[in-house]
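This is what each chain is made of:
Protein chains: 2
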Amino acid sequence: MQASIFEKNILNKKHVVIIGAGFGGLQAVKKLSKEKCLNVTLIDKKNHHLFQPLLYQVATAVLSPADIAIPTRSLMHRKKNVTILMDEVTSIDIKNKIIVLEDKEISYDYLILAAGARTGYFGKTDYMKYTYGLKNLQDALRIRNKILTSFEEAENHPENAEKLLKFIIIGGGPTGVELAGSIAELSNHIIREEFRNIDTSKADIKLIEASSDLLATFNRELSVYTKLRLEKRNVRVILNTRVIKIEPNKVFVKGIEGENEFEASLIIWTAGVEAVPLTIDTGLPVGRNNRLKVNRYCSFDNHPEIFAIGDIAEFSEGGKILPGVSAVAMQEGRYAARAIIDEIKGREKKPFIYFDKGNMATIGRKDAVAELGGFKLTGFMGWLMWLFVHLFYQVGFKNKISILITWIWSYITFGAAARVIQEPLTEKDLKI
Amino acid sequence: MQASIFEKNILNKKHVVIIGAGFGGLQAVKKLSKEKCLNVTLIDKKNHHLFQPLLYQVATAVLSPADIAIPTRSLMHRKKNVTILMDEVTSIDIKNKIIVLEDKEISYDYLILAAGARTGYFGKTDYMKYTYGLKNLQDALRIRNKILTSFEEAENHPENAEKLLKFIIIGGGPTGVELAGSIAELSNHIIREEFRNIDTSKADIKLIEASSDLLATFNRELSVYTKLRLEKRNVRVILNTRVIKIEPNKVFVKGIEGENEFEASLIIWTAGVEAVPLTIDTGLPVGRNNRLKVNRYCSFDNHPEIFAIGDIAEFSEGGKILPGVSAVAMQEGRYAARAIIDEIKGREKKPFIYFDKGNMATIGRKDAVAELGGFKLTGFMGWLMWLFVHLFYQVGFKNKISILITWIWSYITFGAAARVIQEPLTEKDLKI
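Sequences listed follow chains A and B, in order. Positions 3 to 434 (my numbering) are the ones given, in order, by the first sequence. Positions 3 to 434 (my numbering) are the ones given, in order, by the second sequence.
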């Protein structure tokens, strides 16, 4: 590796390092890889690009990890000027333009920070201990195991069924809504016929949101619609209610008449995210939730060679911070790449402008809400739109087909194709 | 559950308990479920039926767990007289006809033992510590992680590539051959284009077999053919060589000129299986590798109400023990079910006769060996036959399609669809 970098330097090609193979990072790499005057290194601690918008379907046993996780290498194998490293960045020396990996260093001319976000607990570490987040495949499989095992346990001990089937989801954003909806789908339809000693549709699913609306960033009409449809699916939607304490299998809340504590067999936390800590001690300006405050060029005034994009960055547009969604990351990724190329080619750079394509979220089987530009879609039409958009953005032809078939199949059969309780792998299994 | 069993008793239906949802157990349940005069309980510690013949493709990142693991419940949801329990059998009281589970007991009138086999190390526990077996999804994902991570590590540290890419497979049966072949496929073709700092085809793959032939149970011609084709794929096939000691990343052997020790970054052990220990202290007659010696009725002279089928049983036919393959298990499963029904209906029972349908194993892309009845197939024809048979036997329509697509896709693109290094799940993740 050192060798090849050295080589790059004597050929004096500019070296661009991108940290993170998410939506933003991939867009940047794709654009940069076309410039033969550049060497590009993409670093990610995972070997795959994850299509996060469908993570909840892995958690609810509809899709398999491989359906939404594409080996990053397979996307870049034809880009000869792109090197991919599966490695963890331990620190960044921005003064000397050096990335420190676990056991070597890499120098850069340009750096794109695209390492994304992780579940955020507002510093409440016990929340982390007693709840499940949903940001990566491990989280998703953990939730899947937990849900499926709960139903199995209940079948073995119907006398405890009520206690075993109490699922609480905290956070009424898209992830929370989609999780609640598809857990309801699972218990009301998919597995109901298969149990003899319990009625799975009796599962108690609660969705707790601190604000007055689900999908707060959506048009109010859609928020109201979503609430009604979830309730129709036996999800108890609890709004205007703050979580004030979490204990093992217990959630304490404030806001509802007469209730201040809920029992739970599974607590899923989707109420917060924060940028990965990676960047905290770089000296770059940090905003809310550890996100890096970038200027209108997705960069930094005193470090124009560094860009931050996607969930790790805080980009304000007219006082409003851009949301942590894939569309923002992808547009920022393409922008950062263009900015670098422009600078090298001596073109003057223009500030980044976000083009809002809209929002969407599924509620359940053939039911979703979507707002695109002016108009809104709900129900089956919303669901078709959602399906189309997600298939369209899913990377890899094979994944598209296999996901489409899986969806059609589970649509016809009311089945979830990936109901595998996977035996745990131990840390050791990832070591050489 | 207790309740429902009690109910079964007052209705005085006979209660058949089957332990193990493998090939044998499933066949038995299907047949028994048609008899309304029976109540059937199927117990397995996993929630899924595993299509073991394709496990090596999960290990080599071609297929996903869900492609070969079907939720047992989903296969039985229409059979109202079948109850499925995901639970572990701790002991069996054959005197009182009681199955002891982790925290309850179940009584039976008839018992079918179909719990299968696990990797066997001939009592060498250190072999277990330093090698990977391949009997369940956990094993497969562990091997997958290990192989993929080795290549990633090598890309980061090309100077150590040689050391990092030494794979040794011990045992030249179908599993060993298929693993060696598809690891070669992976390194020679699938991922080769994607690495910049190493040549993955330089990976050192050794297949060690104690006897004089690979696929010893096959026709000799096919064994010889298999050896040649594996060697053509850069697999070093080492015959007539016994493993005498295993240390971390080291295999000591006896039999080859001048070599008595091999380095390895990954050691896969496919050289032995043994029946699950479950039955040892039941007092039933135990044969080689803990397998239960059954009579010609797949049963026991002094316990005709107990049947043992598949890998857990040792059935001798003219002094020859039937092999531990799915065909044997499935035929024994159907037989045991029929025997129970015959007895209840007062028909006299006939001894079990095995109908040998033949053998097959893949060597690599469009190359396999198959012997069916009289005739033999090799190369592309063998591969087509293999593909057809395995798709045909794969349970679940959706799995068939998704596997077929995955195969066709990876066949066209030389790609492996499931190259996901999965983050480890911890023991905790399976607990309620």
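No wet-lab data here; the hints were simulated from the structure. One should not assume that every hint holds.
For chains that are exact copies, the list does not tell them apart, and a pair is met inside one copy or across any two.
[What the hints assert, rightly or not] Each computed DSS-like pair below joins lysine-lysine, with the alpha-carbon atoms no more than 25 Å apart:
1) Lys32 x Lys99
2) Lys106 x Lys165
3) Lys295 x Lys38
4) Lys204 x Lys48
Copy assignment of Lys204 with Lys48, given that the CA separation must stay at most 25 Å: Result: close only across copies, 24 Å inter versus 38 Å intra.
Alpha-carbon proximity context of Lys32 and Lys99, limit 25 Å: within (23 Å within a copy, 66 Å between copies)
Within, between, both or neither: Lys295, Lys38 at alpha-carbon 25 Å: Cα proximity of Lys295 and Lys38: none, with 31 Å in one copy and 69 Å across.
Up to 25 Å CA-CA - Lys165 versus Lys106, copy category: So Lys106 and Lys165 pass the 25 Å test across copies only (19 Å; inside, 51 Å).
The structure fails hint 3 only (numbered hints given earlier).
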